[in-house]
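Undergrad: Chain residues, written in single-letter form:
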Amino acid sequence: DTEVTQTPKHLVMGMTNKKSLKCEQHMGHRAMYWYKQKAKKPPELMFVYSYEKLSINESVPSRFSPECPNSSLLNLHLHALQPEDSALYLCASSQDLGEGNTIYFGEGSWLTVV
Amino acid sequence: AQSVTQLDSHVSVSEGTPVLLRCNYSSSYSPSLFWYVQHPNKGLQLLLKYTSAATLVKGINGFEAEFKKSETSFHLTKPSAHMSDAAEYFCVVSEETDSWGKLQFGAGTQVVVTP
Chain A
1 DTEVTQTPKH LVMGMTNKKS LKCEQHMGHR AMYWYKQKAK KPPELMFVYS
51 YEKLSINESV PSRFSPECPN SSLLNLHLHA LQPEDSALYL CASSQDLGEG
101 NTIYFGEGSW LTVV
Chain B
1 AQSVTQLDSH VSVSEGTPVL LRCNYSSSYS PSLFWYVQHP NKGLQLLLKY
51 TSAATLVKGI NGFEAEFKKS ETSFHLTKPS AHMSDAAEYF CVVSEETDSW
101 GKLQFGAGTQ VVVTP
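Sequence lines, in order, name chains A and B.
In terms of the numbering used here, the first sequence opens at residue 1 and continues consecutively.
In terms of the numbering used here, the second sequence opens at residue 1 and continues consecutively.
Any given hint could turn out to be false.
Said to hold, decoys possible - Once the Cα atoms are required to be at most 27 Å apart in a straight line, the calculated DSS-like pairs of lysine-lysine come out as:
1. A:K53 - B:K58
2. B:K102 - A:K18
3. A:K38 - B:K68
4. B:K58 - B:K102
5. B:K102 - B:K49
6. B:K102 - A:K22
7. A:K19 - B:K42
8. A:K40 - A:K22
9. A:K40 - B:K42
10. A:K53 - A:K40
11. A:K18 - B:K58
12. A:K9 - A:K38
13. A:K38 - B:K69
14. A:K9 - B:K58
15. A:K19 - B:K49
To be verified - Coverage of chain A stretches by chain B, computed from C-beta distances (three or more under 8 Å per stretch; other residues unrestricted):
16. 41–49
17. 61–67
18. 94–102
Simulated from the structure, these hints should not be mistaken for laboratory data.
Here the structure is a predicted model, which is why all the values come from computation and not from measurement.
Every residue, glycine too, gets a C-beta built ideally from N, C-alpha and C.
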């Protein structure tokens, strides 16, 4: 069963709020990812975790803070966001980080910053 | 360095007719190639994957793609379009970069299926 579960599906937050997006997979995958997708655009990589350690940070602003509590969970903590941060946030996972690994995506969390 | 070009931003087909989505890539090495589909307000679903085992790759929902190294292409086809095929399609290349396979996405092709 290839499934990545994301909550919440929709989130509206003010620019002074603190909120979190959550992601869970039970496929035994050791790499997990956060992507951001704006309308009509392909996903853009934000963070990569490998074996629960942050491996890649694609120069993402510090108002986005990832966390990997264990091998199945990945969080994205949000604080002091801007309206332009409104987007679809996709979590994904793969068996490992190597080239050729298939990346499986969740349904995404729609974030609106007001 | 790797890059992906999807040659059509929009494709409109009639239900029951063939679908062709074109993708060209550039890569320094032998890449892995993927097609993903994204239905409206949904996440990305893997359609198929090429990893050098066979040049013709069969995927889900009747889709297939052919890897042509000489043309650096990985076009996606389906013999007969269904209304449920209306979606955004992304061609993706994965190449070993700094010890990990970073995905490079094409810009996407929006498929419209008319009755």
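Undergrad: If a hint holds in the structure, say so; if it does not, say that too.
TA: Structure-based check of each hint:
Restraint check for K53 of chain A and K58 of chain B: the C-alpha separation of about 35 Å exceeds 27 Å, so the hint is violated. With a C-alpha separation of about 30 Å, the suggested pair K102 of chain B and K18 of chain A falls outside the 27 Å cut-off, and the hint is violated. Simply put, K38 of chain A and K68 of chain B have alpha-carbon atoms about 31 Å apart, too far for the 27 Å limit, and the pair is violated. At roughly 23 Å between alpha-carbon atoms, K58 of chain B and K102 of chain B fall within 27 Å of each other, so this suggested pair holds.
For a cut-off of 27 Å, the pair hint linking K102 of chain B to K49 of chain B stands: about 15 Å separates their Cα positions. About 23 Å separates the Cα atoms of K102 of chain B and K22 of chain A, which keeps this hinted pair within 27 Å; it holds. Pair hint K19 of chain A plus K42 of chain B holds up; C-alpha atoms about 22 Å apart against a cutoff of 27 Å. With a C-alpha separation of about 24 Å, the suggested pairing of K40 of chain A with K22 of chain A holds against the 27 Å cut-off.
Only pairs whose Cα atoms come within 27 Å are accepted, and K40 of chain A paired with K42 of chain B is accepted, the gap being roughly 13 Å. Between K53 of chain A and K40 of chain A the CA atoms are separated by roughly 31 Å; this puts the pair beyond 27 Å, and the hint is violated. The hinted pair formed by K18 of chain A and K58 of chain B fails the criterion: a straight-line CA distance of about 45 Å is larger than 27 Å. Proximity of K9 of chain A to K38 of chain A is assessed by CA-CA distance (about 16 Å); at most 27 Å being required, the pair is judged to hold.
As the CA atoms of K38 of chain A and K69 of chain B are separated by approximately 32 Å, the hinted pair breaks the 27 Å bound. The suggested pairing of K9 of chain A with K58 of chain B is violated, with an alpha-carbon distance near 31 Å, which exceeds 27 Å. The hinted pair formed by K19 of chain A and K49 of chain B fails the criterion: a straight-line CA distance of about 36 Å is larger than 27 Å. A stretch counts as covered by a chain when three or more of its residues have a beta carbon under 8 Å from one of that chain; for the segment 41–49 of chain A and chain B the count is 5, and the coverage holds.
Judged by the Cβ-Cβ criterion of 8 Å, the segment 61–67 of chain A is not covered by chain B as claimed, because only 0 of its residues qualify and three are needed. Counting residues of the segment 94–102 of chain A whose C-beta sits closer than 8 Å to any C-beta of chain B gives 6, which meets the bar of three, so the coverage hint holds.
Of the numbered hints stated above, those contradicted by the structure are hints 1, 2, 3, 10, 11, 13, 14, 15 and 17, listed in ascending order.
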